[in-house]
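Asker: Single-letter residue listing:
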Amino acid sequence: MTSLADLPAVERLPYDIARIRRDFPILKREVSSGARLVYLDNAATSQRPVQVLAEITRFYRDHNANIHRGVHTLSVEATELYEQARAKVARFIGAADPREIIFTHNTTESINLVAHGWARKHLQPGDEVVISEIEHHSNIVPWQMLRDERGITLKYIPMLPDGTLDLDAARSIITDRTRLVSITAMSNALGTIVPLDVIVARARAVGALVLVDGAQSVPHMPVDVQTLGSLGVDFLAFSGHKMLAPFGIGILWGRLPVLESMDPFMGGGDMILTVSMERSTWADVPAKFEAGTPNVGDAIALGAAVDYLSALGMDAVRRHEREITDYALRRLADVPGVTIFGVPDAERRGGVISFELDGVHPHDIGQVLDTKGVAIRTGHHCAQPVMLALNVPATARASFYIYNTTDEVDALASGLEEVGRFFGVRK
Amino acid sequence: MAESGLMEDLYREIILDHYRQPRNHGTAIEPTCSADGANPLCGDQVRVDVALVDGVVEAISFSGQGCSISQASASMMTEYVKGRDTAAALQGDEAFQQMMLTGEAPDIDGFDDIAALAGVAKFPARVKCASLAWKTLAQALADGGGSVTTDDGSR
Ligand SMILES: Cc1ncc(COP(=O)(O)O)c(C=O)c1O
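As they're listed, the protein sequences go chains D and F.
Our numbering puts the first residue of the first sequence at 1, with every later residue one more than the last.
Our numbering puts the first residue of the second sequence at 1, with every later residue one more than the last.
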């Protein structure tokens, strides 16, 4: 296992948007209509820089072997690279020990791992899990399944009309019976940044653990698990593919004693200490939770992605996105017929803007924008309770990342003006 | 949007016309059979009410919400079906599904406006929108009601 002290330091680079864009060759391509790509669907998945692509190639070309079970050179190298990636991720989120980093496939698997390995073991009928109305389906459905299986109680912190959470209600919804609060740090549908302090303080006061869905926060702002929500949290789940890394690699971070108290999620190779025909004993954390051959190449590429983001600095990433979002909020508000959902200021929202255009279905908006090269997402964004609360079937959503520019926001805005003219929006 | 041929393939003027002024939309009829269709992925919803007299569609009405393609297709479908018998209506459904596969407009009577939707075949993501009203109609005629959905899960 690579220790944090063994990691090479990452050199900080200035935030040079032209240089950053050169690292993403896909941003130069054209879409089917011949227009230059304007990629504004980053909340769904980010693009990958050449550094990450090169790391994938380098691993398979020079070091490829299965890990943990070989004495030969390649296997030793692959194991070292895999464990080094684990340490890089640990440092990136302020984890005390690389053993607290579990490689999964995505946020969804990370949350399910907690539901199976921790909640199934420790929760009794009548115990409460508290989530919120603005969660992604991946932080709703596992708890509904557990409720139906185990008779736990599932409670929701409600959303207010402006897309923020009702924190007064949260104080009474989290009770002495609450064992886990599982909450997003940022809504993928509305961009709301959740003030975790209030929720974590209340959870701590009643002795509940806190799981944070960091799928939309870890890629976009500084996150330190020791100070998250001021008091620190117990679990953090996030996905590599939203932060410059390949598909198919995700993270669950958990506090070591909590992870040690958990049952494995899947059984098989690599997660055992001994196996006899009668019984098996479990390997130590994190191997206990990484049954079978892991996604070695993509874990290593996630290490490269984390290096890339660390060189930019997550405070600089957040600053850039706040500027773009602030500009976009003002620019879109000027487009006739546009209504923006959620909080009106970029201070309390991440780089996600959900909106509607009077009288035009989101699907049509997305289609017309595509002919301008502008890629946005339309639909329910896997957050149907939010759509229900807004009383809309779907929204159009633009979401930003490190490489987006104000020119691209202008392309979105003028594209929307054209959509409005095309479908005859009045106002 | 003259600069983009792709756009014109999809949003033909006659389609926008049906979208802005849908025919047989929300008309009060006394239905003998009905069905609800949904495309939860994009939020398209359509309800089709049919009044059959001796196997002939005497009156038809649709309601619901959705994108221009789903709403225009529903409007066109009702115009085609009205006054035709069940067999002809189902034949229309079959011809329509075929058109979504091939992108070729079929040579059948009454398909003039509908043929404008042939271009949708080039947009796989929109085929479900265009087909919804026809699927819902077939459901209504099949066993006098029920509901259909075209969802297949998503991000
Ligand atoms: C807030 C949030 N949570 C969870 C997820 C699920 O991530 P994944 O699909 O990578 O498991 C997403 C991604 O869409 C998200 O935005």
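Since the hints were derived computationally from the structure, they do not count as laboratory data.
Be aware that a few hints might be false.
From chain D, some residues computed to sit far from chain F (all C-beta separations above 12 Å) [claimed, not checked]:
#, residue
1, Lys28
2, Arg69
3, Thr73
4, Ile340
Residues from chain F shown here face chain D by an in silico Cβ test under 7 Å; the list is partial [what the hints assert, rightly or not]:
#, residue
5, Met7
6, Thr32
7, Cys33
8, Gly43
9, Cys67
Glycine included, every Cβ here is placed at the ideal spot set by N, Cα and C.
Asker: Indicate, hint by hint, whether the structure satisfies it.
Answerer: Now for the hints, and whether the structure bears them out:
no. : hint   : verdict
1   : Lys28  : holds, 20 Å
2   : Arg69  : holds, 35 Å
3   : Thr73  : holds, 41 Å
4   : Ile340 : holds, 19 Å
5   : Met7   : holds, 5 Å
6   : Thr32  : violated, 29 Å
7   : Cys33  : violated, 25 Å
8   : Gly43  : holds, 3 Å
9   : Cys67  : holds, 4 Å
Comparing the model with each numbered hint stated earlier shows that hints 6 and 7 do not hold.
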